[in-house]
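Asks: What follows is the residue order along each chain.
Protein chains: 2
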Amino acid sequence: VLGRTYEREVCSAARALEIAGERWSLLVLRNAAFAGHTRFTEFQESLGIAPNILAARLEHFVADGIMSVTDGPGGHPEYRLTNKGVDFKPVIIALTQWGDRWAAPEGPPVVYEHNQCGGHVSSRLYCDKCGKSPARKDVVARSTEVLERERQRRRLARSRPRSRR
Amino acid sequence: VLGRTYEREVCSAARALEIAGERWSLLVLRNAAFAGHTRFTEFQESLGIAPNILAARLEHFVADGIMSVTDGPGGHPEYRLTNKGVDFKPVIIALTQWGDRWAAPEGPPVVYEHNQCGGHVSSRLYCDKCGKSPARKDVVARSTEVLERERQRRRLARSRPRSRR
Chain A
11 VLGRTYEREV
21 CSAARALEIA
31 GERWSLLVLR
41 NAAFAGHTRF
51 TEFQESLGIA
61 PNILAARLEH
71 FVADGIMSVT
81 DGPGGHPEYR
91 LTNKGVDFKP
101 VIIALTQWGD
111 RWAAPEGPPV
121 VYEHNQCGGH
131 VSSRLYCDKC
141 GKSPARKDVV
151 ARSTEVLERE
161 RQRRRLARSR
171 PRSRR
Chain B
11 VLGRTYEREV
21 CSAARALEIA
31 GERWSLLVLR
41 NAAFAGHTRF
51 TEFQESLGIA
61 PNILAARLEH
71 FVADGIMSVT
81 DGPGGHPEYR
91 LTNKGVDFKP
101 VIIALTQWGD
111 RWAAPEGPPV
121 VYEHNQCGGH
131 VSSRLYCDKC
141 GKSPARKDVV
151 ARSTEVLERE
161 RQRRRLARSR
171 PRSRR
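Line by line, the protein sequences are chains A and B. Under my numbering, the first residue of the first sequence is numbered 11, with each subsequent residue one higher. Under my numbering, the first residue of the second sequence is numbered 11, with each subsequent residue one higher.
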């Protein structure tokens, strides 16, 4: 539906950032996911965001299937995360952990809890072979045949004679 | 050093986004973290990013302590992630998982591996009380005394008589 910011990228992280990487986007999702906000005025007042920017973000989230919108009491639209939107929670938690470690000298302003048992929830890297949580430096990326196929497809597209485009 | 985009926010995720939330920022960090890129031209050619934007991003990363810069062979500057920068790996992995799930119909273009054992690495939520990986919907946020203290401090600052500002 929308233009693609990182069109050249064959990368799932880039795809996620096209949906939620604009300024304010992840904070709007955070307030929907963790503060229970549903109404335009709730987001607007809590974030102090310009109304036109908030309107654009919410509109994109609905268009991208991250949020659904329904008429609430009094006809006010209510924005709620879909499963696709709730799935940004681990991204927000990972960002929070970075900030807790590097930008929260007085301690974490917010902690995440498991509402079934009250335990503290964190995001961890997990290796499915050795069962350990690997050190950051020991995690590497390996391209798959999906990436190779897409790169080959693009090379072919570029090498086609201009007259046949 | 730099202006704060989300000044009102008492939130570690917002702090992380002030460092890495601008357009292209996380993709530059991704290429530094997982593609081994160190030189301006490597980032520029791989991303197809405008040189002035890339220069601004790298400058901010160095100012924020996310990257260090040294003179490489031939005097070309080489940019490398510090520990503070490497710590964005889990954020990139979490974004990748979102994209793999919701925006990669042909499958993941890239997988993450533990270079010690070759196992597949993923990001998981973990509850330190029940030891389970909680469902997204069962993870809630709870504010701490750090947040309450900061809110009170701000209320007091706002209520001071204007003449004394």
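Just to be clear, a hint being listed does not mean it is correct.
Copies of the same chain look alike in the list, so a pair counts if it works inside one copy or between any two.
To be verified - Below, computed lysine to aspartate or glutamate pairings styled on EDC-like, alpha-carbon distance capped at 20 Å:
1) Lys-147 to Glu-160
2) Lys-147 to Glu-88
3) Lys-139 to Glu-69
4) Lys-142 to Asp-97
5) Lys-142 to Glu-123
Quick caveat, the hints were computed from the structure, so don't treat them as lab data. Since the model is a prediction, treat every value here as computed from it, not as a measurement.
Asks: Take the hints in turn and mark each one as holding or not.
Replies: Hints and how they fare:
1. Taking the shortest Cα distances, Lys-147 and Glu-160 never come within 20 Å of each other, neither inside one copy (28 Å) nor across copies (34 Å).
2. Taking CA atoms no more than 20 Å apart as the test, Lys-147 paired with Glu-88 passes between copies only; the shortest distance there is 18 Å, against 43 Å inside one copy.
3. For the identical chains of this complex, Lys-139 and Glu-69 are neighbours neither inside a copy (42 Å) nor across copies (39 Å), given an alpha-carbon limit of 20 Å.
4. Proximity of Lys-142 to Asp-97 under the C-alpha cut-off of 20 Å is restricted to the inter-copy arrangement: shortest distance 17 Å between copies versus 24 Å within a copy.
5. When the C-alpha separation of Lys-142 and Glu-123 is checked against a cutoff of 20 Å, the pair qualifies only between copies, where the shortest distance is 12 Å, while the shortest distance within a copy is 23 Å.
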